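Peer 1: Each chain, letter by letter, is given below.
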Amino acid sequence: MAVLTYRDALNQALREELSRDENVFLMGEEVAEYNGAYKVSRGLLEEFGPMRVVDTPIAELGFAGIGVGAAMTGLRPIVELMTWNFALLAIDQIVNAAAKVRYMSGGQLGCPIVFRGPGGAALQLAAQHSQAFESWYAHIPGLKVIAPATPADAKGLLKSAIRDDNPVIFMEGEMLYNTKGEVPEEEYTIPIGKADIKRAGDDVTLVCHSKTLSVALKAADKLAEQGVSAEVLDLRTIRPLDTEAIFASVSRTHRCVVVEEGWPFAGVGAQVVYEIQESIFDELDAPVLRVTQADVPMPYNRALEKAAKPDPDRVAAAVRKVMYLEA
Amino acid sequence: MAATVTRSRKESGVSEETAREWRHWLRQMLLIRRFEEKAGEAYSLGKIGGFCHLYIGQEAVGVGTLAALRPEDYVVSAYREHGQALARGMSARSVMAELYGKATGCSKGKGGSMHLFDASLHFMGGHGIVGGQIPLGAGFAFSAKYRGTDQVSLCYFGEAAANIGSFHETLNMAGLWKLPVIFVIENNGYGMGTALARASAITDLFERAASYNMVGVVVDGQDVVAVKAAADEAVRRARDESAPTLMEVRTYRYVGHSMSDAAHGTYRTKDEVEEYRKRDPIAVLGAQMREAGLLNDDSMAELEKDVMAEVLDAEKFAEESPEPELAELTSDVYAPAGGL
Numbered sequence: 000m001a002v003l004t005y006r007d008a009l010n011q012a013l014r015e016e017l018s019r020d021e022n023v024f025l026m027g028e029e030v031a032e033y034n035g036a037y038k039v040s041r042g043l044l045e046e047f048g049p050m051r052v053v054d055t056p057i058a059e060l061g062f063a064g065i066g067v068g069a070a071m072t073g074l075r076p077i078v079e080l081m082t083w084n085f086a087l088l089a090i091d092q093i094v095n096a097a098a099k100v101r102y103m104s105g106g107q108l109g110c111p112i113v114f115r116g117p118g119g120a121a122l123q124l125a126a127q128h129s130q131a132f133e134s135w136y137a138h139i140p141g142l143k144v145i146a147p148a149t150p151a152d153a154k155g156l157l158k159s160a161i162r163d164d165n166p167v168i169f170m171e172g173e174m175l176y177n178t179k180g181e182v183p184e185e186e187y188t189i190p191i192g193k194a195d196i197k198r199a200g201d202d203v204t205l206v207c208h209s210k211t212l213s214v215a216l217k218a219a220d221k222l223a224e225q226g227v228s229a230e231v232l233d234l235r236t237i238r239p240l241d242t243e244a245i246f247a248s249v250s251r252t253h254r255c256v257v258v259e260e261g262w263p264f265a266g267v268g269a270q271v272v273y274e275i276q277e278s279i280f281d282e283l284d285a286p287v288l289r290v291t292q293a294d295v296p297m298p299y300n301r302a303l304e305k306a307a308k309p310d311p312d313r314v315a316a317a318v319r320k321v322m323y324l325e326a
Numbered sequence: 000m001a002a003t004v005t006r007s008r009k010e011s012g013v014s015e016e017t018a019r020e021w022r023h024w025l026r027q028m029l030l031i032r033r034f035e036e037k038a039g040e041a042y043s044l045g046k047i048g049g050f051c052h053l054y055i056g057q058e059a060v061g062v063g064t065l066a067a068l069r070p071e072d073y074v075v076s077a078y079r080e081h082g083q084a085l086a087r088g089m090s091a092r093s094v095m096a097e098l099y100g101k102a103t104g105c106s107k108g109k110g111g112s113m114h115l116f117d118a119s120l121h122f123m124g125g126h127g128i129v130g131g132q133i134p135l136g137a138g139f140a141f142s143a144k145y146r147g148t149d150q151v152s153l154c155y156f157g158e159a160a161a162n163i164g165s166f167h168e169t170l171n172m173a174g175l176w177k178l179p180v181i182f183v184i185e186n187n188g189y190g191m192g193t194a195l196a197r198a199s200a201i202t203d204l205f206e207r208a209a210s211y212n213m214v215g216v217v218v219d220g221q222d223v224v225a226v227k228a229a230a231d232e233a234v235r236r237a238r239d240e241s242a243p244t245l246m247e248v249r250t251y252r253y254v255g256h257s258m259s260d261a262a263h264g265t266y267r268t269k270d271e272v273e274e275y276r277k278r279d280p281i282a283v284l285g286a287q288m289r290e291a292g293l294l295n296d297d298s299m300a301e302l303e304k305d306v307m308a309e310v311l312d313a314e315k316f317a318e319e320s321p322e323p324e325l326a327e328l329t330s331d332v333y334a335p336a337g338g339l
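First to last, the sequence lines map onto chains L and S. At position 277 of the first sequence (counting the first as 1) the number is 276 in numbering that gives the first Met the number 0, and the numbers step up by one without a gap. At position 27 of the second sequence (counting the first as 1) the number is 26 in numbering that gives the first Met the number 0, and the numbers step up by one without a gap.
It is possible that part of the hints are untrue.
List of simulated lysine to aspartate or glutamate pairs, EDC-like, C-alpha gap at most 20 Å [to be verified]:
#, chain 1, residue 1, chain 2, residue 2
1, S, Lys144, L, Glu304
2, L, Lys197, L, Glu21
3, S, Lys144, L, Asp54
4, L, Lys197, L, Glu224
5, S, Lys177, L, Glu28
6, S, Lys144, L, Asp310
7, S, Lys177, L, Glu274
8, L, Lys217, L, Glu304
If you only want the chain S side, here are some residues facing chain L, beta carbon under 10 Å, derived [stated by the list, open to error]:
#, residue
9, Gly49
10, Gly110
11, Gly127
12, Gly138
13, Leu178
14, Ile281
In case anyone wonders, no lab produced these hints; they're calculated from the structure. None of the values given here were measured: they were computed from a predicted structure. Backbone N, C-alpha and C define an ideal beta-carbon position, used for all residues, glycine too.
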C-alpha cells in the first residue's frame, strides 16, 4: 500500500470521481487557480478545466444554493467550503433546500451533493475559526454526515459520498491534512454508516471520530501502560450512526467514554450515550462519560486553547473513572 | 358593441396565432383567479391548513412569463406559487389536492401550499424561505450551461426578496458566469405589510441589474401581453446569448399577504386596493379582446362557466381523495437504496 497524506488521499478521490462521472464537478472559493486554500484540489483545474473545477466569489450562501439547484437537475456537485465555520452562511441552503427537497416534493426530486471542507479547531485560530459542527448537521433528517480520521477512510468515504444520492456533509480537518497513512493502491470505496475498530481492547470502549481518533489512540497507549486495555471505535460516519458497532463493542467491554471535538450540549456524544442506555443498559458496568471541548468559545491563548480541547490525559482520567480506579 | 364583435379578425388586425394566445391567457388567468378564490374559501372552512398565499391580482405575471418558456425549461418560485403552477400546466386537481394535503396532490400531501412541485414539468418548487429559491434558479441555469443544453431557468421572487443576501450573491454569479436565467421580481408593492419604499434604498429595482452586468427591464404586470413580450426578449437573451436578465414586473395583490392577513388596514388603504382593481389583468386583456372582436358577454360567460367547472372538479377531487398512508411519514427522507 502507498503511504499518502490525508490531503492527497482526498485529492485522489476527487480526481478519480471527476474522471469516472462527467456529472461530477467541484466548486468553491480558491478551488481552481489557487489549487485550493488547503491544496486538496491541487492540479484538478489543469486536468478537468474551468467548467468542472469552478472558482466562486466569497458567497457561501449563493454558491451552496447554485450547487443545490444543479444537484436537483441530476448533476453531482462537490461544494468546497473553505472551512465549516463559513458554512454558517450557507446553512439555509443546506438545511432548508438540500435536506428537504426530496421530502417536500413527495420524492420527485433528489439532491446528490457533497458539501466538504475542514471543521473543528486547528491552532490558535480563536473563537470563530475553531468550531466542530457535526452535531448541527447530524440533527437534520435528510443529511448524511461523515468525518473521517485517516487518509484511507477519507478517500474511500469521499468516493462513497460523491456517489451517494443524498446530500452529504463531509468534514475534514486542517490538522489532519498533513497526517499520513496507508492507502490501498487499487480502486475502493468505504460504505457510509460503518464504524471501524481502530484498536481492539477488552476493558473500555473509546468512541471517537475525526481528530479525536488520535487523542483516543494516545489515551489507549497511556492506559495500556497502566494495564487497561482500551478499544478504540472510530465512528467515521456520524449520521447514519453505526449503533450496531457501538453496541457490539460496549457489550464486550461494558464501559464507554465518548471523545469528541464539539461542545457537550446536545453533542454527538449525547446521542451515542442515549443509544447505549436505551438498547444495552444492562450491559453497562458504569455510566458512560464524555470528553468534549470545554463549553466555551475557543480562546486564542495557546495554554487556554489547550485546556479547552479534548486530550489524552482527560480521556485517560475519564476511563479510570468508569473503571472505578483511583484517579 | 355588436359591431365590434362581428368585426372580422382581419379587420381587427389580430392574427389567428395571437387570437389563440390571448384566449389561452385569458382562460389561464381566469382559472387562477377562480382557483384562488376557491382556495381562500376552503381555507376559511378549515379544509386547507398552514399558510396559504393567494395570487389574486398578479395572474398576468405568471401567465405572461410562462407563456415564453418551452417545456424543457426550468421554473422555480417562492410560496405564492399556486398561479404559476397552474400556468405551467399542472392540473387544478393536483394543486388543489396538495393544498388539501391529500395523497393525490402534486407533492403527495407532504409539501402543501408553499411546496408545489412537478418534476415532469420542471416546476422545481415553491420554496418557503424568502430568497431561498434565487440561487436554486441560478443552479438550474448553471446545470443547463454545464450540460450544453439550451434550456433556460425562470426564477420568481417578490420585491422584498430583492433585499436579501442571496439576491446579491446569486445575481453577481449569474452575471459573472453568464447564466441563462431570468430573475423575475414580482413587485406587488409590499413585503407582507412593509411598502417597498420603506424597505429598499431605491424603488426602481430593475436598476440593480447594472451592478451585475446584466440587462434590467421593467414591465407593467397587469398587462399580460406586455409581460409576455418582455419575457420573450429575456428568454431569447438567455437561450441565444446565455445572458441573464433582471425583469421587474409591477403588479399588485388584492388580498392580504397570506390568508391570515387582512387585505388592508395599517399598511395600505381600502381605497388604494380599489384603485388598483381598476387595472385588473383579466379586465385589461378582456377589454383588448373585446376591442379586437375576440370576446363578448356570451363568450365571457361561457368561459366563466368552463373555468368554474374545472375549479369545482378540482375541489371535488381534493375532497374525495384519500389522505396519505401513515407509512408516507418516513418515506422520501433519503433516496431509496440503489439510486434515485
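Peer 1: Evaluate each hint against the coordinates.
Peer 2: Quick rundown of the hints versus the structure:
Note on Lys144 of chain S and Glu304 of chain L: the hinted pairing is violated, with a Cα-Cα distance of about 47 Å set against a maximum of 20 Å. With a CA separation close to 35 Å, the supplied pair Lys197 of chain L and Glu21 of chain L exceeds the 20 Å bound. Our distance criterion of 20 Å between C-alpha atoms is met by Lys144 of chain S and Asp54 of chain L, whose separation comes to about 16 Å. At roughly 18 Å between alpha-carbon atoms, Lys197 of chain L and Glu224 of chain L fall within 20 Å of each other, so this suggested pair holds.
Proposed proximity of Lys177 of chain S and Glu28 of chain L is supported: the alpha carbons are some 18 Å apart, at most 20 Å. A hinted pair counts as satisfied when its Cα atoms are at most 20 Å apart, and Lys144 of chain S with Asp310 of chain L does not qualify at roughly 49 Å. For the suggested pair Lys177 of chain S and Glu274 of chain L, the alpha carbons sit about 50 Å apart, so the restraint of at most 20 Å is broken. Only pairs whose Cα atoms come within 20 Å are accepted, and Lys217 of chain L paired with Glu304 of chain L is accepted, the gap being roughly 19 Å.
Annotation: interface hint on Gly49 of chain S violated; nearest CB of chain L at approximately 13 Å, more than 10 Å. Given hint, Gly110 of chain S at the interface with chain L, holds; its Cβ is 5 Å from that chain's nearest Cβ, closer than 10 Å. Because the beta carbon of Gly127 of chain S sits about 8 Å from the nearest beta carbon in chain L, less than 10 Å, this interface hint is met. Evaluation of the Gly138 of chain S hint against chain L yields a held restraint, the C-beta minimum of about 2 Å falling below 10 Å.
For Leu178 of chain S, the interface hint holds, the least distance from its beta-carbon to any beta-carbon of chain L being 9 Å, beneath 10 Å. At a threshold of 10 Å, the smallest CB-CB gap from Ile281 of chain S to chain L is about 31 Å, leaving the interface hint violated.
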